[in-house]
Amino acid sequence: MSDIPLIEMKGITKEFPGVRALDKADFELRKGEIHALVGENGAGKSTLMRVLFGVYKPEEGQIFVKGQETTILSPSHAQKLGISMVHQELLLVPSMNSAQNIALGREIQSIPGILNWRSIYKNAEENLARVGVEIDTAIPIKSLSIAQQQMVEIAKSLSWNAEVIALDEPTSALSPHEVSQLFKLLKNLAKQGVGIIFITHRIEEIFEIADRVTVFRDGHNISTWPINEVDIGKIITAMVGRQSDFISHDKSSTVKKEILRVEGLVNHKLAGVSFRAYEGEIVGLAGLVGAGRTELARAIFGADPITKGKIYYKGNLVKIKSPQDAVSYGIGLLPEDRKTQGLVLPASMESNLALVSYDKLSKYFIIKLKNRQNLAKDFVQSLKIKPAQIDKIVQFLSGGNQQKVVLGKWLARQVDLYIFDEPTRGIDVGSKAEIHQLMADLANKGACLIMISSEQAEILKMSDRILVMHDGKIVAELDRREATQELIMEYAAGIKKPMEVT
Amino acid sequence: MAKSRIDPQQSLETNTPPKTKKSHLTFQRIKLNFGKFALLIALFALAAIISILSPYFLKSENLINILLQASINLIIALGMTYVISTAGIDLSVGSILAVAGIVFALLLVHGVSLPFAILITILSGIIMGAINGLLITRLNLPPFIATLGTMGVFRGIALITSNGRPVYGLPAKVLLVISGRIGTIPIPVIIALFTALLAYLVLKYTLVGEYTLGIGGNEEAIRLSGVSVKRYKTIVYAISGLMCAIAGIVLTARLTAAEPIAGNGYELDAIAATVIGGTSLSGGVASITGTVIGALIMSVLRNGLNLLNIQSYYQQVAIGVVIIIAVAIDKMRKA
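Top line first, the protein sequences correspond to chains S and D. Following the working numbering, the numbering of the first sequence begins with 1 at its first residue and continues without gaps. Following the working numbering, the numbering of the second sequence begins with 1001 at its first residue and continues without gaps.
No lab work stands behind these hints: they were computed from the structure. One thing to keep in mind: the hints can contain errors.
[Claimed, not checked] Rough simulated footprint, nothing fancy, chain D against chain S, three-plus residues with beta-carbon under 8 Å:
hint: 1; region: 326-335
hint: 2; region: 341-348
hint: 3; region: 358-370
[Stated by the list, open to error] For lysine-lysine, the following DSSO-like pairs were computed, each having C-alpha atoms within a straight-line distance of at most 30 Å:
hint: 4; chain 1: S; residue 1: K370; chain 2: D; residue 2: K1204
hint: 5; chain 1: S; residue 1: K122; chain 2: S; residue 2: K80
hint: 6; chain 1: S; residue 1: K256; chain 2: S; residue 2: K314
hint: 7; chain 1: S; residue 1: K377; chain 2: S; residue 2: K473
hint: 8; chain 1: S; residue 1: K57; chain 2: D; residue 2: K1331
hint: 9; chain 1: S; residue 1: K66; chain 2: S; residue 2: K187
hint: 10; chain 1: S; residue 1: K31; chain 2: D; residue 2: K1204
hint: 11; chain 1: S; residue 1: K368; chain 2: D; residue 2: K1230
hint: 12; chain 1: S; residue 1: K269; chain 2: D; residue 2: K1230
hint: 13; chain 1: S; residue 1: K384; chain 2: S; residue 2: K368
hint: 14; chain 1: S; residue 1: K384; chain 2: D; residue 2: K1204
hint: 15; chain 1: S; residue 1: K386; chain 2: D; residue 2: K1331
hint: 16; chain 1: S; residue 1: K386; chain 2: D; residue 2: K1204
hint: 17; chain 1: D; residue 1: K1230; chain 2: S; residue 2: K360
hint: 18; chain 1: S; residue 1: K310; chain 2: D; residue 2: K1230
hint: 19; chain 1: S; residue 1: K257; chain 2: S; residue 2: K319
hint: 20; chain 1: D; residue 1: K1331; chain 2: S; residue 2: K360
hint: 21; chain 1: D; residue 1: K1059; chain 2: S; residue 2: K339
hint: 22; chain 1: D; residue 1: K1230; chain 2: S; residue 2: K319
hint: 23; chain 1: D; residue 1: K1204; chain 2: S; residue 2: K368
hint: 24; chain 1: D; residue 1: K1230; chain 2: S; residue 2: K308
hint: 25; chain 1: D; residue 1: K1230; chain 2: S; residue 2: K370
hint: 26; chain 1: S; residue 1: K445; chain 2: S; residue 2: K321
hint: 27; chain 1: D; residue 1: K1204; chain 2: S; residue 2: K377
hint: 28; chain 1: S; residue 1: K314; chain 2: D; residue 2: K1230
hint: 29; chain 1: D; residue 1: K1331; chain 2: S; residue 2: K363
hint: 30; chain 1: S; residue 1: K187; chain 2: S; residue 2: K234
hint: 31; chain 1: S; residue 1: K339; chain 2: D; residue 2: K1230
hint: 32; chain 1: S; residue 1: K339; chain 2: D; residue 2: K1173
These numbers were taken from a predicted model, which means no experiment stands behind them. Every residue gets a Cβ at the ideal spot worked out from N, C-alpha and C, and that includes glycine.
From just these sequences and the hints, can you work out the full model?
Next up, the structure:
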């Protein structure tokens, strides 16, 4: 390993309206190392990578590329410097084949304007060979598996002569076998001198792949260790900055009223789901991405059609054909993606907070503006939404505050069943704790909460009962006392035999 | 324009943000207002230039004429503003106007009383608009395609019912209620401004307005909030049809005849006025005052070019350039 690092970032600060995403962050990548970058959502990892890739310009700080101070102007500039990035959402053109995608933007031409297809395919095959996969270059990207697409993306980076490759959560959508293949490839690339930045949420992985690990929290690096000098406990403590605590809410053992009973729910993603949920409890829905948790939530809420099965709400058989029906029964859904499903981004906080309460806030189609303002002010205050201006356009709020607006929208209506799909994804630690507290309060007041989360720690921290989904079915029901991350994982991955759940 | 989302009464004093934030916010507000001011400034600048080149421009008779010329386009553009702010488009406005005009004229010719004829015509406009809405919401057709289709269908209906010939012989005296003047102000201008006021109030103070902007801003979020997106979208297209019917009545009254080919190309004028006014084609933000100013800018431009004896071919170039400049400025401002 040479002395001069490939990349050195010093004192990087990046602010967005309302949030300081990076606060004097340092990072270093050496030649031929695999450097894992971990931290909770909103810790600043992705922002740091976007700064490195020229997407964001930092307010402060210096970046050295192979010892030379450099201002990275744009992603294409970053690529010229040999820095490339494999995004979580792959940036390939689905309808084009792998050769076209690898060549994209730098197509080989026989005479200007005329594509030299023979060379384009040859170049693609060479780089795919370096990655070590066999992919028919004539097949369009959309017909390839996610793992194969990732390989194409990496091959594309190599065709740019990348010396630094950053991978953002590359394993989240891969099977165990595909993961081991990817790791083999990355180790191989590192041997060839490529520096690899590996962002992941799966802490166990880094012991298998990384040479060093850097933990991010609150917008800057907390510590960096060589992998053999650290254990999971140390990393997690550094990530959360405190002992992970359990939010307790009152567990009186009195018989609780049933709020929701689902029997044999079937649709395009659900293969017969049955469960019950009671007042005053938080039911955690665990499982891997694609297990059908979001689909279950949407089916109950009437957002997706169901082909078979029954839903009982407060003991009565109900037909929920649309979100409209669900809302009229008193069910609220905090959707998975607040930006595309939860918020009207160009509208004000006031408009968004009022969205499901117009039966109270209007008469004969006329909006009672005064009441609406008061409602918005109340929730902005009680949820500590910042800035505390109800006419603020929600687009300009930070993720945590945006999520509070979506939450406030349902709180304003006072529903009895809340379905929370990834309630704290991508928001800062402070807002996360506040939202957790709010959820506990709601349960204490007798509401029934169903929470979907891909974060095991959150499931374990918040749930009274945990339902694990796999392949469109509920495969386990665990009491909070018996549940462990390992147990949940075994059910979620389909390793352990499903138990009988009703 | 984002400004219309912000209640002016909701002043800064109601909250007490830290001082730095306040100045930041005031700046933001100036920026938000800038678009609308810029539009007004553009209108006055245009008027100033034309009035220097042609002294006749500022004569009250000419100014009133400008308003009169703008009124039909404005009425249609108001409906278009609703449609566009849901991220939709209505290409059938000119055809609906023609059908409405024919319906109105035929009713009058057959001796139906004026109020009743107006009522039926307006209903026909609402129905045609609702058909657009149903095609879009029930058959899931893209608005462009659905209204491209009905543009042809409605135009055909206008031609069929009138045998392709203008409907003459309307009671001119009766029609003065619509086409006459109160003092020096033409009644069509009053109708247009009254419609604009109504459009403004509905957008700002009713659920229809709130959900119109919401659907344009994020249709899925509105749906997941338990709102019937289909119903409100249909209402929006029905509003556009209603506006076209009003425009059709006004146009027919002014000409004391109904042309089956009336309104050809009006959709482009209406879209232009809306877009110049700052309503975003991607939906979610709308400005009624912007649309009013947009329609006026187009009318002033046409009038000025006429006064300066510039061939009408050049007018098309000028209007096209204005649209491009207006939207480009808007984009730059937002960037």
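For this session: Any hints from earlier that this structure breaks? Give me their numbers in increasing order, please.
Result: Hints 7, 10, 20, 21, 29, 32 contradicted; others consistent.
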